[in-house]
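Undergrad: The primary structure of each chain is shown beneath.
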Amino acid sequence: MRRRDFAALAAASTAGALWQQACAEVEDTGALSAETVGTLLDHQGPRGIYEDPAELERLRRAVANMINVQRTLREFPLDPDEPPVTIFRRG
Amino acid sequence: MAIEESTFFLTVSELAGGLRDGSFSSVELTRAYLDRAEELDVPPFDLPSEPREDHQGKLATMVTIARDHALASAERADRELAAGDPRSILHGLPYGVKDLLDTRGIRTTWGSGIFRDRIPDRNAAVIDRLEEAGAVMMAKNSLGEFAGGNTSSALNPWKLDRTSFGSSSGTVSAAVAGLIGFGIGTETGGSIVFPASAVGASGLRPTFGRVSRFGCMALSWSLDKIGPVGRSAEDCGHVLEVIAGRDARDTSTADRPFQFRADPGSMRGRRLGVHRSEFLLSQSETTRRVFQEALDVFAEMGVEIEDIELPRFPTGALFTTIVTVESGTNFRSLFDDGRAAQMFSFNEDRRAGWMAGRMLPAADYLTAQRVRNQLVREADEIVSSYDAVIAPTWPNGAALRVVRDGWPIPARNEWEPPDDVSEATPRLNYIANVVGHPGLAIPCGFDEDGLPLSLQIVGSPMDDQAVLDFGMAFQRETDWHRRRPPFPWRE
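Sequence lines, in order, name chains G and H.
40 is the number that this note's numbering gives to position 40 of the first sequence; each next residue is one higher, with no gaps.
Each position in the second sequence, counted from 1, maps to that position plus 1000 in this note's numbering.
Derived from the structure by calculation, the hints contain no laboratory data.
Virtual Cβ for every residue (Gly too), placed ideally from N, Cα, C.
Some hints here could point you the wrong way.
Said to hold, decoys possible - Incomplete in silico selection of chain H near chain G, CB under 10 Å:
1. 1363
2. 1365
3. 1369
Said to hold, decoys possible - Partial chain G-side listing against chain H, Cβ under 10 Å, derived:
4. 24
5. 25
6. 45
7. 58
8. 59
Said to hold, decoys possible - Chain H regions said to be covered by chain G (calculated; three or more residues, Cβ under 8 Å):
9. 1016-1029
10. 1472-1484
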């Protein structure tokens, strides 16, 4: 494996682990810390507008909300054979 | 020949008849609509803009009025009509299109100041089809920035302090105020039917995959639909016939042309499922009575009416996940290059939601799409048992336009259902949007404040004709769709 490929793989794995960490934080404390959001953000690239504390605060709320939304979907009783709608045609 | 006031409010077939019998030419008609728009619509501020409160009575339904383009198209239409060569029923008719669809050489802003000067070098597929049909594009209609909810600068012509909802607010307001012959809107979660409800327009959200989205800003690839807006259900059918069809550039489109039948025929024996729990969301006795009287119209036609239950799914969570992930992906460059900072202030939370969507693991997005697939099967099973199903498009008339902090989020009017009741009630509109069913919003009366009320008729996938049949049959027996907002518009 090339060094670049390994770095990308490691980053993806880390991002996934970070998200799980964020989910656990919301479940344990009911909220998400700015530090955790900042770390999640850093995996997306340059912070850009999120250098602004007000924007980071908005993002913190949005990510916490997204985590709660996902809990709703994860808890929904799905047929184990149910595939995703990844190719969506209605005709 | 002079255009009368009543001409501006004619239906598509009536306008086409006027062109055919020489009552007016396309140039005369187009010029009259353009003059009317310039007189009644242009606000004292530049568009696109954040929602404002200084309209000075202008409706602000048009970001760009394409006068030269429209008159050149109208001249061409007149030559062809004079040669006895009509391309379609829309030949020579002026229309407005939501400013999400690319129009070659004419700015297309997506409702955002970021793209204030964006001039595409191509037409969207829908624009090409309408051009091929001889229709005259006269205006780019205002909308919520990036097709976002109730955030447009366009006013509601029934009462200027009420919302026109969104995001196709400019298109619907322009149609009802007699500023365009017909319009084109888009819908991801309600953006044709909700504004149509607020202003009493007839608006059709076609089956997902009926109409090509090529050349239209993508908000959510698996939810976006483009559809017609008019002053009647029949208008919507004529327009859909022109714009529908397979397009290799949009792989969601089905190879199913739509041949519109303008006569719904007898409705006797047709089956209509009524989602009764949504009718109970209307807290006002007046509103409940209006909706019931509308259902009685169908019963008097001989339609068999039966109450239905819709499946209880986490539809809000589904919609949030799908839209924020897909939007966040599509608008990535706005964050990467910092332009996201220039979005209008009311979109700050929405912008944050897009970034949160980008962070979501793929497995969670796929979980949402699995839940969605299950909802598709269950919703299809219910709806296919009827010729159509029906519910109020919105439980009440349009709420106040401006509330807290100057944000144009509608105030809860006293007739809105409590949050816990509302959230516990499945909503036909959201289910239909998530699963791709067609839906037609038609006016059915007025509330105690004189604001329109609307019903949404939903059908099985690719059965757009059925929803149009119910709409046309209703409008054959009633005249709500003929009512015009009184001018001067009420403050």
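Undergrad: Determine for every hint whether it applies to the structure shown.
TA: Taking the hints in turn, this is what the structure says about them:
1. 1363: Hint on residue 1363 of chain H: holds, closest Cβ of chain G at ~8 Å, below 10 Å.
2. 1365: 8 Å, holds
3. 1369: 4 Å, holds
4. 24: 14 Å, violated
5. 25: This hint is violated: residue 25 of chain G lies away from chain H, its Cβ roughly 14 Å from the closest one there, beyond 10 Å.
6. 45: This hint holds: residue 45 of chain G lies near chain H, its Cβ roughly 6 Å from the closest one there, short of 10 Å.
7. 58: 4 Å, holds
8. 59: 5 Å, holds
9. 1016-1029: Check failed, 0 qualifying residues.
10. 1472-1484: Violated: only 0 residues of the segment 1472-1484 of chain H have a Cβ under 8 Å from chain G.
In summary, the structure is inconsistent with hints 4, 5, 9 and 10 from the numbered list given earlier, while agreeing with the others.
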